[in-house]
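A.B. asks: Single-letter residue listing:
2 protein chains.
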Amino acid sequence: MNPNRSYRKSNLPPNAKRVFAGAIFDVYQWEQELYDGSHATFERLVRPDTVVVFPVLPDGTIILVEDSQPGRDTILTAPAGRVEEGETPEGAALRELLEETGYRPERLEEFYTRTPAEKIDWMVHVFIGKGCVKIAEPVLDPGERIKEHPIAFEELVRLTIEGAYPYDECANPVLRAALDPAGLSELRMRFLS
Amino acid sequence: MNPNRSYRKSNLPPNAKRVFAGAIFDVYQWEQELYDGSHATFERLVRPDTVVVFPVLPDGTIILVEDSQPGRDTILTAPAGRVEEGETPEGAALRELLEETGYRPERLEEFYTRTPAEKIDWMVHVFIGKGCVKIAEPVLDPGERIKEHPIAFEELVRLTIEGAYPYDECANPVLRAALDPAGLSELRMRFLS
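Residue numbers (the numbering used here), protein chains in the order written: chain A, 1348 to 1540; chain B, 1348 to 1540.
Treat the hints loosely; a few may be bogus.
Treat identical chains as interchangeable: a pair holds within one or across any two.
Unchecked claim - The list that follows gives simulated cross-link-like pairs (lysine to aspartate or glutamate, DMTMM-like), each with its CA atoms no further than 25 Å apart:
no., residue 1, residue 2
1, Lys1466, Asp1396
2, Lys1466, Glu1432
3, Lys1466, Glu1491
4, Lys1466, Glu1390
5, Lys1466, Asp1406
6, Lys1494, Glu1465
7, Lys1466, Glu1431
8, Lys1494, Glu1380
9, Lys1481, Glu1380
10, Lys1466, Glu1446
11, Lys1466, Glu1434
12, Lys1364, Glu1390
13, Lys1494, Asp1527
14, Lys1466, Glu1509
15, Lys1477, Glu1465
16, Lys1494, Asp1383
17, Lys1481, Glu1437
18, Lys1364, Asp1420
19, Lys1466, Glu1413
20, Lys1466, Glu1495
21, Lys1466, Asp1488
22, Lys1481, Glu1453
23, Lys1481, Glu1434
24, Lys1364, Glu1491
Hints in this document: simulated from the structure, not taken from any laboratory.
In this text, all values refer to a predicted model and were calculated from it rather than measured experimentally.
Given only the sequences and the hints, what does the whole structure look like? Please build it.
C.D. replies: So, in structure tokens, the structure goes:
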């Protein structure tokens, strides 16, 4: 039994059946009664959740990574990966951070979560890793190439505002915070305190 | 042949094979060579693109909708739907707007596009419909209930900043615009000119 997938299956109606099991995505379908009493086949996907960590060094430097994968352009991102079976999001975040960068944070704080797509049981858990210390060399799998890209908090905000930071991992909370000086100051404390 | 799906299939590598055809999602897999010469099964989904339209009346009122679907909470959103086989995004936007609200715009302008998920061939095309006039009653399918929710431009910005507007359909461009008065003024012109 896959505890992770069965947990997330709770977003499906009880009569949903798995009709395909993929490498990442499982497909579920069910017959849904519509408002006029007729029925239609509804479809929903289940995939492992994603974790993202913004690692922060004791001096306040934030470690982004230049991440290359086969068949995709190199992107600037925060260390990230999938929650494996039986893992908690926190456990997955610590494991991915260690594997990709060799850093271990003194403490891990929840930043925010998002659900990227309505028809997919899929959560993205975003963390801030405070007081990161290098305790190992990165251990990359053969489908990854990773290079550290250290930046200051102010540059993270600037990249996000310019849209140069490629993904939505932190766009909305950073943009909302940047709308007023108090919000930006509060966000700065969340990363650097 | 499905011209829409075959068009989007171009994001897949040539050796990708369809391993499942769903009601919405098709699943493709291929053997991907990794950096060390080993291989792994990679997976990518293809689904119909989505269109979203912000309809604007001649007096500047923006028509959002309270959208109910079976098995989901009612949400506040812009009229939206799927691009059908053989349709252009513009054609789908006009059709969905007419079906859901009965409005026809004098002109349709591209607002922006986004790709919500890296492993899914799926684009969301967002339009602004200018000078909308009611030319018909809504024709809803049995899986929809829709109620008009007219708001002013300023309220759209406020809802987006507060996060009360539930989806990311317009969050990034609106938040970015709201960061400075010139940007907000320019966005206002895009909706109301």
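A.B. asks: Compare the structure with each hint and give your call.
C.D. replies: Taking the hints in turn, this is what the structure says about them:
{"no.": "1", "hint": "Lys1466 with Asp1396", "verdict": "both (14 Å within a copy, 13 Å between copies)"}
{"no.": "2", "hint": "Lys1466 with Glu1432", "verdict": "both (21 Å within a copy, 20 Å between copies)"}
{"no.": "3", "hint": "Lys1466 with Glu1491", "verdict": "between (28 Å within a copy, 16 Å between copies)"}
{"no.": "4", "hint": "Lys1466 with Glu1390", "verdict": "both (8 Å within a copy, 18 Å between copies)"}
{"no.": "5", "hint": "Lys1466 with Asp1406", "verdict": "neither (41 Å within a copy, 35 Å between copies)"}
{"no.": "6", "hint": "Lys1494 with Glu1465", "verdict": "between (33 Å within a copy, 20 Å between copies)"}
{"no.": "7", "hint": "Lys1466 with Glu1431", "verdict": "both (21 Å within a copy, 18 Å between copies)"}
{"no.": "8", "hint": "Lys1494 with Glu1380", "verdict": "between (51 Å within a copy, 21 Å between copies)"}
{"no.": "9", "hint": "Lys1481 with Glu1380", "verdict": "neither (55 Å within a copy, 31 Å between copies)"}
{"no.": "10", "hint": "Lys1466 with Glu1446", "verdict": "between (31 Å within a copy, 22 Å between copies)"}
{"no.": "11", "hint": "Lys1466 with Glu1434", "verdict": "both (23 Å within a copy, 22 Å between copies)"}
{"no.": "12", "hint": "Lys1364 with Glu1390", "verdict": "both (10 Å within a copy, 21 Å between copies)"}
{"no.": "13", "hint": "Lys1494 with Asp1527", "verdict": "neither (33 Å within a copy, 34 Å between copies)"}
{"no.": "14", "hint": "Lys1466 with Glu1509", "verdict": "between (29 Å within a copy, 24 Å between copies)"}
{"no.": "15", "hint": "Lys1477 with Glu1465", "verdict": "neither (32 Å within a copy, 28 Å between copies)"}
{"no.": "16", "hint": "Lys1494 with Asp1383", "verdict": "between (56 Å within a copy, 17 Å between copies)"}
{"no.": "17", "hint": "Lys1481 with Glu1437", "verdict": "within (18 Å within a copy, 51 Å between copies)"}
{"no.": "18", "hint": "Lys1364 with Asp1420", "verdict": "between (36 Å within a copy, 22 Å between copies)"}
{"no.": "19", "hint": "Lys1466 with Glu1413", "verdict": "between (30 Å within a copy, 18 Å between copies)"}
{"no.": "20", "hint": "Lys1466 with Glu1495", "verdict": "between (34 Å within a copy, 24 Å between copies)"}
{"no.": "21", "hint": "Lys1466 with Asp1488", "verdict": "between (30 Å within a copy, 19 Å between copies)"}
{"no.": "22", "hint": "Lys1481 with Glu1453", "verdict": "within (11 Å within a copy, 60 Å between copies)"}
{"no.": "23", "hint": "Lys1481 with Glu1434", "verdict": "within (23 Å within a copy, 53 Å between copies)"}
{"no.": "24", "hint": "Lys1364 with Glu1491", "verdict": "between (34 Å within a copy, 23 Å between copies)"}
The structure does not agree with the numbered hints 5, 9, 13, 15 stated previously, though it agrees with the rest.
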